[in-house]
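Student: Each chain, letter by letter, is given below.
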Amino acid sequence: MEDAGFIVACYVVTFGGVAAYVSYVLRRGRRATEQLPDESKPWM
Amino acid sequence: MDTVADGADAAKGADPVGAVAPADPVVVLDDAVAVLGRFPALAGISITVHRGEIVWLRGPNGAGKTTLLRLCAGLLPLARGTGRVLGCDLATERDRLRPLVGVLGHRNGLYLDLTVAENVAFWGDTVGAAATEVAAALERLGLADRLALLPVRRLSAGQQRRTAIACLIARRAELWLLDEPHSGLDAAGRDDVDALLRQAAASGATVMVASHEYERAGPLATAVFDIRGGTVMGTAGGSVTAGAVASPRDAGRDR
Amino acid sequence: MADMATGRTTATTATAATRTLGIVTLVGVAWLIVSGLLVSPADVNQGESVRILYLHAPSAWVAYLAFVVTAGASALYLFTKKHSLGWDRLAGASAEIGVLFMAVTLVVGMLWGRLTWGVFWRWDARLTTTAFLFVTYIGYLAVRRLGGTPEQRARRSGVLALLAVLEIPLVHFSVKLWRGLHQDATVLRPNGDVKLDGFMLFTLIFGVAVFTLMYVWLVLHRQRTLTAEDLLDDVGLEIAIAERRGESRPPDLAADVPRSDRPRPDITVGF
Amino acid sequence: MTWWRTAWLIARRDLLVEWRSRVALNQVFPFAGIVMVMFGFAIDDTRLMESIAPGLVMVATMFSLLVLVQRSFALESEDGALDALRTAGVSSSALFWGKSIALAAQLAALQALLIVLAVVLYGSSVRPAGAPLLVATWLSGSWGLATVGTLYGGLAAGARGRETLLPLLLLPVVAPVLIGATRAVEAALGARGTVVDGWPWMGLVAVFAVVFCVGGTLAFGPLIEE
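So the sequence lines, in the order shown, correspond to chains U, W, C and R.
Number 36 in the working numbering belongs to position 36 of the first sequence; there are no gaps in the numbering.
Number 218 in the working numbering belongs to position 218 of the second sequence; there are no gaps in the numbering.
Number 9 in the working numbering belongs to position 9 of the third sequence; there are no gaps in the numbering.
Number 111 in the working numbering belongs to position 111 of the fourth sequence; there are no gaps in the numbering.
It cannot be assumed that every hint is accurate.
Chain R side only, calculated, beta carbon under 8 Å to chain W, not exhaustive [as the list claims (entries may be wrong)]:
1) ARG20
2) LEU75
3) ASP79
Covered stretches of chain W, as calculated for chain C (at least 3 residues, CB under 8 Å) [what the hints assert, rightly or not]:
4) 27-40
5) 224-233
None of these hints come from the bench; they were simulated from the model.
Since we're looking at a predicted model, the values are computed, not measured.
Even glycine gets a Cβ: it sits at the ideal position worked out from N, Cα and C.
This is chain U alone, in the form it adopts within the complex (with noise of 0.2 Å):
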């Protein structure tokens, strides 16, 4: 079935794409929070 390659690519594409975004946003974010103090990060 042609369709079945395109609807699971669809879905590939879509959480594929958010979880490389959320790992960069999670290593980027522990990189710079390693290097402050809790104290002064608002949200803790």
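Keeping the supplied structure of chain U fixed, place chains W, C and R upon it in accordance with the hints.
Tutor: Same frame as chain U, now just chains W, C and R:
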């Protein structure tokens, strides 16, 4: 004027709120920081400049002299600290401050395709100077004749500098901020600049000059600030007190 | 720097609340995939390709939501007395996520278009507006990266976000008028003539909810990252100021102190 | 110094610089002309060219707009005149209007040239009934493009990579003018539809011009402020 601050010789911490009376400091910076990109060109500078003074900013390249002048002109935001120039708060009233100052930067601020006369007339027009004032400024800098009709691009560096100074004269500024005003000028031009600055100061304007030219700026200055590493290392020279130029109004403002 | 004298340092932008939210979202995503791909039935008209709807519509919704949040936060930054940079960071975080979801929407939309129309791209009003929106916010993000002080960044990008609010209706309206001229034969429009039965409708609504949770989680983390980076810049500025002041010392004194051993300001000072 | 006088002073100054340097006349106008000729080479179909001529005129205008905006701010930054303008107490809205007026004048001249080129190269013809529509579109299109160009040009002027940032910001925004003006000119030249069909498109262009004129007046100051 409150009598409390009388003997204190305009103590540094004194709050400069209120109208600018003759003896009030024209420039008060307290621990001011100015940032260029990420670089703190001014790293907590505290200075006080009084009306009628000619201040010489002295220091090596990269010391922060240009940034200090731009900060005082309201061209740069204040990153930390407080500052007040001509009664305007540098944090909130830069818009009001900018028309009151006259700036001569590294670059001349000219339109290279326009003639000398057109440039001076344009900058005169923006501040509402009369045609006679513009003509007088051109005359004074020796630009009145043939040169006035040449495009600025075809002039020498010194002649372009003269044009910029003529534009500065056409603008009646209360605070003159000059960055290496002598650069590119011949001996006669330098004498003209010196005479001009003395006259400006005598008529009640305040002048701050960044310069490497000791033999020029030295005799001119009534106060010297040694700038290094974005702060003032020391003040020297015949720093005048507020009282010494208390009443500049009698000198008139013939420019 | 974990050995700092004061307090703990936790190298994360997460809190208990966002962890819970994250887990809920993950479960939701898992169920959406199962439900969308396997459980839900095929559509009478669209066939299996209706399964793309459960991704396409929610991601488009999140993208538009993100841009609305960007505009609102920008307005709050510009028009409140305090000019709190927090609003600016919310605007920036939201715009970035909006661009991500807009990209996803466009790619998924093209794949879907290939299935239903036989072509990747049609000059459909909605599609075209979306593409313009995408480029506009890429420009917005480029302006955010121009540098300068945080206030300058906030002011510039805030004004730009409000200009985009002016621009989008104009672009949409003009593109719609433009399409109206061509009188194309009615074709299958994405979610235009899909007959959604109860479970399909539920899956769609569920997808919108899950994507919204995803957006909230992302925006919280991204905003915290931006906050931390701004705070780090402040610390860096303090250090740079101290180093700059060090230049003003007489050379013989400065020579005594090796550069790395120069006293650094306590990193917690000023918070 | 009234606000209008300041704006007029700036506009006159910009046009005077252009008159003296002739950059637009000697470089931008020929550039737009060669773009039209290149379209002719690429399309190579007389009937098709006649029907798409209005679109090509607008596309060539967009490309030239980018160059003219860059030039408009290059002359300010060439010798640091922007700082001088700020210390001269020139209000940012007056600066915006002055530069927009000068840019609009150049764009109007450019578009007139391009229409003439379309007639010559692509065989377009102006219907008498379409002339008012053509003129109205010409004026509102020039003003709309000039305001939006000045607005985003000012933002990009001080930035790193301004040559690439400006098209990225500007081209998506001018889409309504591209669409609206193209349709209106098509109607006026008889390439498609009747003249009456063109007026709503002209209205779209006019709305755009008004929106960005107001938006630019308010937003220009915060965008160029350091």
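Student: For a quick check of understanding: which of the numbered hints are violated here, in increasing order?
Tutor: none
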